[in-house]
Structure formats: C-alpha cells, structure tokens
Amino acid sequence: MPLLTQQIQAEDDQYSLVASLDNVRNLSTILKAIHFQDYATCFATKNGIKVTVEKAKCVQANAFIQAGIFQEFMVREESVTFRIHLTVLLDCLSIFGSSPMPGTLTALRMCYQGYGYPLMLFLEEGGVVTVCKINTQEPEETLDFDFCSTNVINKIILQSEGLREAFSELDMTSEVLQITMSPDKPYFRLSTFGNAGSSHLDYPKDSDLMEAFHCNQTQINRYKISLLKPSTKALVLSCKVSIRTDNRGFLSLQYMIRNEDGQISFVEYYCCPDEEVPES
Amino acid sequence: MKSFLSVFRSLALLEKTVEKCYISLNGRSSRLVVQLHCKYGVRKIHNLSFQDCESLQAVFDPASCPHVLRAPAKVLGEAVLPFPPALAEVTLGVSHGRRVILRSYQEEEADSTVRAMVTEMSIAEEDFQQLQAQEGVAVTFCLKEFRGLLSFAESANLSLSIHFDTPGRPAIFTIEDSLLDGHFVLATLSEPDLQSQDLSSQQPRQPEPPLQAHSTPNLDDFTNDDIDSYMIAMETTLASEGSRALPSFSISPGPQPPCSPGPNSEDDEAEPSTVPGTPPPKKFRSLFFGSILAPVHSPQAPSPVLAEDSEGEG
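Taken in order, these protein sequences are the chains called A and B.
The first sequence stops at residue 280 when you use my numbering, and every number in between is there.
The second sequence stops at residue 314 when you use my numbering, and every number in between is there.
The hints are simulated quantities; they were obtained by calculation from the structure and are not laboratory data.
Only a predicted model underlies this, so the values are computations on that prediction, with no experimental measurement involved.
Keep in mind that the hints are not guaranteed to be accurate.
[Said to hold, decoys possible] Among the chain A residues that face chain B by a calculated CB cut under 7 Å, a handful are: (1) A67; (2) S160; (3) G162; (4) E165.
[Unchecked claim] Covered stretches of chain A (in silico footprint by chain B; criterion: 3 or more residues with CB under 8 Å from a CB of chain B, positions within the stretch not fixed): (5) 16-22; (6) 207-218.
Glycine included, C-beta positions come from ideal geometry on N, C-alpha and C.
All chains, full assembly: derive it from the sequences and hints.
As structure tokens, then:
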C-alpha cells in the first residue's frame, strides 16, 4: 500500500504500536467472536495482540491474534494496554462493508501513540482511504481466572461441526447449561432444563467427532446459559474446540479458528459455575 | 404441542443428522421421551412434560354419509388458492352439469351495502376420482381447517375423500396410505335454505344496484301518490321545458335515454340523478311501461332484475 506508507513512514518513531494487515477481515472476524459487550481491553506485546471482553465478573472471552498474522507488527514497549469501545472498533474495521467481495481486500494499518492517545486506523480499499481515530480509555483490571493446566480434571477436544447446531438450538428458556464430563456414560453431556422439559445432548467418547477424550472424574457443573450463549459465535467460526473443567468447576472453552489465509488464531472463553451440583 | 414441535424445529438439520427417532412415554415421571439418534453417535434426548387430560371422542362414520367426493389433494388445493386468505367459510356442493362448486360463504348479517367479493371455483367431474352426490347438495365448513388438511394431504401426495351429508351433519375428510390413515371431521353449517342458495342456478345473484339509491326517492314520490299528482307533476314539468320534451312522451320504452340534449340535463348527461328534477318524462315512461331506466349516464338495457318486485305498479 504505497499510499499509506508514504504518509506515515516519517511518523513511525512516535508510535508504541504499529500493526498492518493486508486483509482486515483476519482481525475483524476474530473480534466478532468475542463481541458480546461494548468495551474490550487490548493488550499488545511483541508476540501479538490479546483482546479481552468480560461480563458480570463471571465470564471472560479472549481473542489472540499472533504477531505472525500481521504483515507488519511493532510494539515499542514491553506491553501496551488500553481499553476501547469494541463496537465502534468493529464498525470502523468493517467500514468498507462486512460481506467479502470476491477479489477485493481491505488493508489495515493500526497505530497507537501511547497512553492518552486515540487508536488510529487507516483502511484502504481500491485506492480509497479512510482514517478513523477512536478514543482509548484507562485499561481496567481483567479477571484472572487462574485456570492452569495442572488443575484440569477433564478435557475433551471436539470437532466444532458436531457442537454447532446443538449450541444454536439450545433451549434458551433454561437458565442454565449443565455440562457433564465423565469417564463413564454419558461421557459428555449438555443438558438444559427449560419450560417444556429437559433436553440432553450426549456425545460418546468413541464418536468420530471426538479428537481427544481425557476424563478422569465425573463432573457435573452448571453455567448460566446467557453467559455462554455468546460463545456460539466463536464456535461457528472454529474448526475445533477444547472443553476443560478444573477442580473448582471452572470452564475453559478454547476455539481454534482458521482465517481466510489459513493462519490459526485462538479464542477462549472462561466461565465460572453457577452453583454446586452434587455429583450423582 | 409447542414443546413437541420444537424438538423437530429444524427440518433441514434433522434430515442431515438424525438416523433414528424413538418416542416413548415415561408414566412414572410423566414425561414424553423423544430420543433422536444422530450421526457420529450423538444422541439427543428430550423429556417433555405432559398432563393427563380428557379427550373428546368424535362419533362419526364415513360410511353413513350418502355423498362422497374423492380427488387428488393437489386438485382441491389448487381450487382453494383463489379464495381470500381471510375468508372463514367455504361452501362445497354439486351443481347442474355435475360440476363440483366451491364458493366463498358470506354470512347474511354482513353489511349488505358493502359489496363483498364472492369467489366461486367449479371443478369438472373428470377431475374427481369419485363423485357420488346428487346435484344441488352443498355443505359449508371452515376454510382454514380445510386448507390445513389439504396441505398435509398434498405434502404426502395423497387423495382426499370428502364424505358429507345434509348441512349441519359433520363432513368427514379422509386420507389413506400404507403408513397412515387420517380422518378430519369438520362441522358444517346447518342452514335450512343453504341448498337453495343458488349453487345450481346459473344466474348470478343480483343485489340491488346502488344506483337505485338515487332514483328510488323520486320513484317513491311517483308510485306512492295517486295518478293525479303524477299528471300534475308531469304538466308542471312540461311547462318548464320546451316543446321539445313532448316527443319524448310518445316514445316507446326504449332503453335509450332521451337522446335529445335533455332539457333537464344541462350539464353532463352522466349525472341527471343528482339533479333534483330527474327527468320526469323518463320516470313517467317507466311507470307506465314497467321498466325502470337507469339514470342517463349509462345507456344500458334495463336488465330484467331491475324490474323487480319493488312497489312499482307498472
């Protein structure tokens, strides 16, 4: 993009963060997968960008876009953090339209001067350039779910296609989604308790959809369905999902998303359980 | 019913993934259990709560109905297409010439000044697989339910048999194939003179032409008074008009309105009835010769219906 680089080359030194993408959708699609709140916190290091969205202090979604995805990626300090209006950011990233037109790509150059400065977006498509300046805010402390692999009791990796319809058809009249993971039957079960009655969705451990099944203990946990429903967006985009629960019943959902150029990004959702369910 | 339907909400998805479906009743916990066995070993189990209730048993016997029609559901489905979606009831009957008639049914209380649209479909006997009914019989039933059962029969590509009797007795619609046997029973309107509602007549029913509204008041003046006042009125009018008017008196009751640039209608001949002095000559003529001419604006032959049973003496 000769047009943009001419304008900006001279000012590069003052930026704390500079990132360029030939295809803005490689970023916007991932961000849409965590867009269930208006505000998000951006955390950039030399490894890439992490965008975090939280709700009710119970659920947290993180989108990881590695440095390798960008055509140009520079972070001047150890880390750069700011809070930003995610809806506005997504609107700007999709300013040339969100439906992909075959053959046309929108390029992005994202620049941030540092604390107190707005985030600058330069978007170009077919010779037309749009400049957006979005105000940034004080970053807020994001929750640390303290989810470490050593405490993981049960872990399953599934192909997303098996879960997609199930999640989109979840009985929303149920307040909770109950997840059962067990070395014995029913192995992996999603349950809802709605107005009409209860529904159970069972995945056997030897199903073709199951890529990995490591369950050591029977665990039955309930999560507020309204908090988990947004994760359907990430599920739809992903090819694989890993479902893990730890000793406290905390849930970790990790989605592997392949973008248009075949590069991998991750989105993860953490959710704390709704109540203690005695294991039956 | 809703909760049961929601299990089968996404038909496309079901066709793609579901291999088997088991439906059972768990009496102990009052649950209707629907198990869907899907691809990849995935199982969906729905436990739907239900309540015991009394069910009404309809007492009916298709064999006892003297009249039977049978046709592919598609034929009947196409026949009901033209009816307005909001139409409540439809009359089904057999007319002269062994044609099956479907006509929209209007309630008598409907505002008669509002000309409702009447739709009638007639299907030839050849389109029916069975037609065992006398000419002139007819029954009226709910169109919405009829449409519903027709779409079901059409989707299963079946023929529909209609068994009916006299108005008031239920009409029974049956479909049958190797997998299922369906009976739909609909109540029919019981109206004593329903059959006489010209299903068999070829003449269209003629409601009062609204044009009448204009001329009637004038006509009443003439018809209710005795002949003398008519003569007086006539003379008065004559006096105000030129001699030109005279010839029109002797003219026979042609359907033609006075083609003389009527002394009465200076403006457009189209609306003499709005002029208070509606041409008495014409009226006079019509009085004597028994035909009521429509006001000038449309030179048309007075249809026989117009010369109907009003108080006209002529």
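Status of each hint after checking the structure:
Taking 7 Å as the C-beta contact cut-off toward chain B, the hint placing A67 of chain A at the interface is violated, the least distance being around 37 Å. Below 7 Å, beta-carbon pairs count as interface contacts, and S160 of chain A has none with chain B, the closest being about 13 Å; its hint is therefore violated. For G162 of chain A, the interface hint holds, the least distance from its beta-carbon to any beta-carbon of chain B being 6 Å, beneath 7 Å. Checking E165 of chain A against chain B by beta carbon gives a least distance of about 5 Å; that is within 7 Å, so the hint holds.
Only residues whose beta carbon comes within less than 8 Å of a beta carbon in chain B count, and the segment 16-22 of chain A has 0; fewer than three means the coverage is violated. Counting residues of the segment 207-218 of chain A whose beta-carbon sits less than 8 Å from any beta-carbon of chain B gives 3, enough to reach three: the coverage restraint holds.
Hints 1, 2, 5 from the list above are not met by this structure, while the remaining hints are.
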